[in-house]
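Here this note's numbering is used: the sequence shown runs in plain steps of one and ends on residue 280.
Calculated directly from the structure, the hints in this document are not laboratory data.
The model shown is predicted, which means the values in this text are computed figures rather than measured ones.
It is possible that some hints are incorrect.
Stated by the list, open to error - With a Cα cut of at most 16 Å, we get these calculated EDC-like pairs of lysine to aspartate or glutamate:
1. 78 / 88
2. 26 / 54
3. 183 / 91
4. 143 / 88
5. 68 / 220
6. 78 / 54
7. 158 / 112
8. 53 / 38
9. 26 / 45
10. 260 / 249
11. 258 / 73
12. 114 / 60
13. 229 / 268
14. 78 / 91
15. 71 / 91
16. 26 / 57
17. 183 / 96
18. 71 / 54
19. 158 / 130
20. 131 / 159
21. 260 / 240
22. 183 / 265
23. 94 / 152
24. 158 / 174
25. 68 / 231
26. 134 / 152
27. 163 / 174
28. 258 / 231
29. 26 / 60
30. 158 / 100
31. 78 / 112
32. 71 / 240
33. 131 / 152
34. 71 / 231
35. 78 / 100
36. 229 / 265
37. 53 / 28
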Amino acid sequence: NHSPFISSGKNDTPDATLFAKEMGFEDYDNNRSIRFKELIESKDKISYQDFKRIKYDHSYPKPYHFSWMNIDYLDLIKPEDYPEIETLISRVQNWDRKAAANSLGAGTFACLYDKLKKVYRKLPEPKIIPITILVDAFHHTKEHFIKYFGTMDVSLGDYQKLVRGDKEIPIFGLPDVITSMASRPYQNGQTRVVSGESYIALVEFDRNQPNPKIETVISYGSSENASSPHFDDQMELYAAFKTKPMTLDKDEVYANAKRIYHPQ
């Protein structure tokens with residue numbers, strides 16, 4: 017989800033000059049492309065485990081590199097100048113930038129980001145958000161946390177949920193990290209994920225094996241039938257960055273099937 021002209025190594029990426037500008041391709045970096053380059057440029061080759069670690073990375077680079085707003089002033093705020101929100105400012109500035117469900121820094125940043133949405137859409141280019149607006153957004157974040165949670169110690173998983181039917185669980189992810197998530201208002205001051213990570217298939221090929229090794233997971237479950245146990249049975253796997261084995265070997269499928277039937 018970034019420029020096709022930053023899609024491979026420097027010597028192998030497509031040449032932007034060979035494509036008409038009217039085609040509208042993006043030609044700029046974002047958080048994901050910057051972070052991806054940080055993770056992969058130091059390696060001549062990657063193992064399957066390296067590949068999985070990169071795929072599941074959920075950190076922002078330093079500095080932030082949002083293509084739609086500039087929040088560089090965030091790290092220049094002096095927390096002690098704003099005692100009422102000093103805790104929240106310090107928390108975001110000292111955060112490891114990982115969009116983990118149990119992270120207080122990620123929880124504060126998620127709410128702060130939501131409070132900035134109305135602002136950056138109205139700002140003229142180059143959409144540099146000044147300290148005054150950032151401080152105001154921190155105040156709104158504090159008000160939101162106190163109103164709905166009764167505390168300023170709100171983790172990302174407290175604030176953001178993965179919801180399927182009546183089931184909800186804390187979930188990782190923020191906009192424009194590699195494991196990107198977008199959310200919308202839900203209930204009780206929380207948000208629910210509406211897009212981002214979804215069906216994941218990881219495939220490992222071995223010359224000495226007749227079939228590839230396949231791992232899969234989906235955000236909810238493999239059934240749309242709310243009465244099925246498979247309606248929401250993959251949510252915990254998904255939230256823990258885990259997968260389940262899957263096979264295309266028909267004999268193995270039949271041998272391990274709980275029931276063999278014709279779908280209606």
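Run the distance test for residue 158 versus residue 174: straight-line Cα separation, threshold 16 Å. 15 Å, holds
Restraint status (C-alpha distance of residue 183 to residue 91 at most 16 Å): Status violated; Cα separation ~37 Å.
Holds or violated: residue 71 to residue 231, with C-alpha atoms at most 16 Å apart: Given pair residue 71, residue 231 holds - Cα atoms ~13 Å apart, limit 16 Å.
Holds or violated: residue 260 with residue 240, Cα cutoff 16 Å? 19 Å, violated
Take the C-alpha atoms of residue 258 and residue 73, compute the straight-line distance between them, and say whether it is at most 16 Å. Between residue 258 and residue 73 the Cα gap is close to 13 Å, so the pair holds against 16 Å.
With the threshold set at 16 Å, check whether the alpha-carbon distance from residue 68 to residue 220 stays at or below it. 11 Å, holds
Would you mind confirming whether the straight-line C-alpha gap from residue 68 to residue 231 stays at or under 16 Å? This hinted pair holds, its Cα atoms lying about 11 Å apart.
Can the restraint linking residue 78 and residue 88 be considered satisfied, given a maximum Cα separation of 16 Å? 10 Å, holds
Can you confirm whether the C-alpha distance between residue 53 and residue 28 stays at or below 16 Å? 14 Å, holds
Just to be careful, I want the Cα atoms of residue 78 and residue 54 compared with a cutoff of 16 Å; is the pair within it? 10 Å, holds
Given the hint that residue 71 pairs with residue 54, does the C-alpha gap stay at or below 16 Å? Within the cut-off at roughly 13 Å; holds.
Please work out if residue 260 and residue 249 have their alpha carbons no farther apart than 16 Å. OK: residue 260 and residue 249 at ~11 Å, within 16 Å.
In summary, the numbered hints that this structure violates are 3, 7, 8, 12, 15, 17, 21, 22, 32, 35.
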